[in-house]
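J.: Line by line, the protein sequences give chains C and H. What the first sequence shows, in this note's numbering, is residues 28 to 362, in sequence order. What the second sequence shows, in this note's numbering, is residues 28 to 526, in sequence order.
Bear in mind the hints are in silico, worked out from the structure with no lab data behind them. If you're wondering where the values come from, they're calculated on a predicted model, not measured in any experiment. Even glycine gets a Cβ: it sits at the ideal position worked out from N, Cα and C. Don't take each hint at face value.
[As the list claims (entries may be wrong)] With a straight-line cut-off of 27 Å between C-alpha atoms, the simulated DSS-like cross-links for lysine-lysine are: (1) K90/C - K296/C; (2) K268/C - K380/H; (3) K380/H - K323/C; (4) K141/C - K353/C; (5) K214/C - K473/H; (6) K299/C - K111/C.
[Said to hold, decoys possible] Only some residues are given here: those of chain C computed to face chain H with a beta carbon under 8 Å: (7) G101; (8) L108; (9) K183; (10) S189; (11) Q222; (12) H227; (13) A240; (14) G244; (15) K246.
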Amino acid sequence: MKPFVLSVALAAIAMSCAGSTASVAAWEPVRPVEFIVPAGTGGGADQMARTIQGIVTKHNLMKQPLVVINKAGGAGGEGFLDVKTSTNNPHKIIITLSNLFTTPLATGIPFNWKDLTPVAMLALDEFVLWVNAEKPYQSVKDYVDATKKAPSGSFKMGGTGSKQEDQIITVGIEKAIEAKFTYIPYKGGGEVAVQLVGNHVDSTVNNPIEAVAQWRGGKVRPLCVFDAQPMAYDEPIADGKAWKDIPTCKSQGLAMEYLMLRGIFMSPKATKDQIEYYVELFKKVRATPEWQDFMKSGAFNTTFLAGADYAKWIEAEEKRHEGLMKEAGFLASGN
Amino acid sequence: MEELANLFHGFAVALQPYNIMLMIIGITLGVIIGVLPGLGGANGVAILLPLTFSMPPTSAIIMLSCIYWGALFGGAITSILFNIPGEPWSVATTFDGYPMAQQGKPGEALTAAFTSSFVGALFAVIMITLVAPLVAGFALRFGPAEKFAVYFLAFCSFVGLSKEPPFKTIAAMMIGFALAAVGLDSITGQLRLTFGVTELLNGFDFLIAVIGLFGIGEILLTMEEGLAFRGGNASINLRVVLQTWRELPAYWMTSLRSCLIGCWMGVTPAGATPASFMSYGIAKRLARRGNNFGKGEIEGVIAPETAAHAAGTSALLPMLSLGVPGSPTAAVLLGGLLIWGLQPGPMLFVEQKEFVWGLIASMYLGNIAGLIVVLTCVPVFAAILRVPFGIIAPLILVLCAIGAYSVHNSTFDVMLMLVFGVLGYLLKKCNYPLAPLVLAIVLGDKAEEAFRQSLLGSQGSLGVFFSNGLVSTIMALGLVALFWSAIQEGYSRLRTSMA
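Chain C extracted, bound-state conformation:
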């Protein structure tokens, strides 16, 4: 623990110096910045964090290095608690996914997003309803009819993790169409996509980036996207179809919307200058061609929010998750 205490002390000294000259220069990191990923290596959040790290290095956007560290334990709880206990350490930022809300609600670990300082929303990740291309369902209607005809619980939905976004969407679909699925949790999105190709599950709600390769290979078929509008990308992907051509689920009579936050938070009690520094940094990252390519490859929704708007969005989203999880019976006892 000693080197850590020492470095915190050093940082504190450095900050107090910086504080005295704050009127002259805005804040800047004085040592390497830890970029925590509350998920395993290779997943969506990890990919995004490492892309950002690559962009920052390539375009020299920071004077200090940005170091990506995975803290995936307890569905990301390990990463959140690490940042929560790093008060007054502005050299620690964290990228979040929906487990920002779902992990504390489902496991009861002592954490809430208000323990951290919100920095900016980078993008929103879309969810698409996928079925195996060999199956006869061409539209949401075919799919819904088939699920209703199948004996209750015999229709298998594969998804990433338990009591997280994929299962929340599954429960939402069940409610919307009054059917009962069996939800089977897997470790990662890529694995889920392959289980669908191998016909071990009947449908999935993979993110675009997780299933796009199988779509292009003609192995899976998208039915609808869980967003209010169709996705913005009109470049053809497979069979002359683009992301834009996938209809919204709502327009097809499946009333469920869900988007996943890809946002940045930092340690508690950050000053205005510090938050401002990171907001500016991520604005620069978003302007690079590499970032735009990345957004396109994953068909992300590129909404950007910071400051009060961002906090308001999170608050609304937290309420929504609480409601969804309560309805689904996913809350930890004692919550």
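Following the hints, position chain H against chain C.
T.: For chain H alone, kept in the frame of chain C given last:
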């Protein structure tokens, strides 16, 4: 034939001087990463990934895959010299490699390990070159039930084939299962056995347990035996490499069997660790000198190393063709592919020919380069054992502590490592085998997950494990392995009564 033309084009890409330089840098970095316990291949590749973003994708993947080869080679070094597995799949290498080093034959053990690694990897690369499309389709047939059957087979072949008293084997394995259950239950999303301690959210990491049980436990035992380090008279001569090579062809049967086990486990994708354990267990039962396994038998080094590398290499196949990583390191490489704008999946072999065949060619060349690098260093590695124990032991302790810390950047893990060290010492003193415990920690939660996924899908019916030819065959093989001793005994009794 078109494949061969593509492959030669791939060689031309990989043989550019810039790429050869990257290859050697990659191998060297990989060996260092493999030697440091805790800083495994996955972490190493993840740390170095951003460095490669400015390179062309083919060069980048050549360098990263060479780091991967290097880590595979390097993992064996500390297993053999100090009984500390640098990587999960080199645990089984310690069983015979370490006794060999203690008998003054570290050079032989290292040469055997490196050469078998090379053979295993080469076998797998040839398989990838020739039958990639066929094999890739096979992996699609693996749902949760099939995966569980493979884990079941790994457990059974280890328990049924071991010669320890079954009670002690099962007791050790149960401790392992209990430890593997700690942390987040991935099926229900609930925390288990953490008792509100936030450090336990992650469960017990396999690497920390192994570093403690083997590394620290071994140091404690050696201290008790009077600080003697018995590798002192190791010969430090390159000729040892040639001498060992002359012996190796006699074990071709073990090599071939291990190659097949490895390729199968890599493609399915169960990974290198179960492959190495399974191969060791089977070799122990089938080898002529099987009774000597665990006491420094060269075959006991060949079997796990060959299988681990065949698996590690063939694990790249499902990653490229399906987008499913067969190992943690492959998972990080997968992330890299996406960042370079390459979409792994069925279309990669069609759309990105230059990249795929460049990578496959670099597998051939990277392995040869790796073998040369590590073999020339054998005398240097072996000479480490000549350093007096009083000097080397603190260094090992520091190495272990750094390794344990770097797994999660947590000092709690260093304490945990010491606790495991004491546990390892006690278990060894009471003659409990450590291998089943380790096997259960590594595969316990994966097996549990696959088991529960299968039952969710079948709505609770156990029939799912015998629902098709593939899964039934694997389960039946597992049961045969489990009751092998009884079957063998019954058979010999039958023969005597006939006579």
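J.: So, for every hint listed, does it hold in this structure?
T.: Against the structure, the hints:
This hinted pair checks out: K90/C and K296/C have alpha carbons roughly 23 Å apart, not beyond 27 Å. As the CA atoms of K268/C and K380/H are separated by approximately 24 Å, the hinted pair is consistent with the 27 Å bound. Proposed proximity of K380/H and K323/C is supported: the alpha carbons are some 23 Å apart, at most 27 Å. Among the hinted pairs, K141/C with K353/C is consistent with the structure: their alpha-carbon atoms are about 20 Å apart, no more than 27 Å.
Between the alpha carbons of K214/C and K473/H the distance comes to roughly 10 Å, so the proposed pair stays at or under 27 Å and holds. Restraint check: the Cα-Cα separation between K299/C and K111/C comes to about 18 Å, which is no more than 27 Å; the hinted pair holds. With its C-beta approaching chain H no nearer than about 3 Å, G101/C sits inside the 8 Å limit, and its interface hint holds. The interface hint given for L108/C is met, as the beta carbon of that residue sits about 5 Å from the closest beta carbon of chain H, less than 8 Å.
Restraint check, K183/C versus chain H: the minimum CB separation of about 6 Å is within 8 Å; hint holds. Annotation: interface hint on S189/C holds; nearest CB of chain H at approximately 3 Å, less than 8 Å. For Q222/C, the shortest C-beta to C-beta distance to chain H is roughly 7 Å, which falls under 8 Å, so the interface hint holds. Look at H227/C: its Cβ gets to within about 3 Å of chain H, closer than 8 Å, so that hint holds up.
Annotation: interface hint on A240/C holds; nearest CB of chain H at approximately 3 Å, less than 8 Å. Interface restraint check: G244/C against chain H, minimum CB-CB distance 3 Å, threshold 8 Å, status holds. Taking 8 Å as the C-beta contact cut-off toward chain H, the hint placing K246/C at the interface holds, the least distance being around 6 Å.
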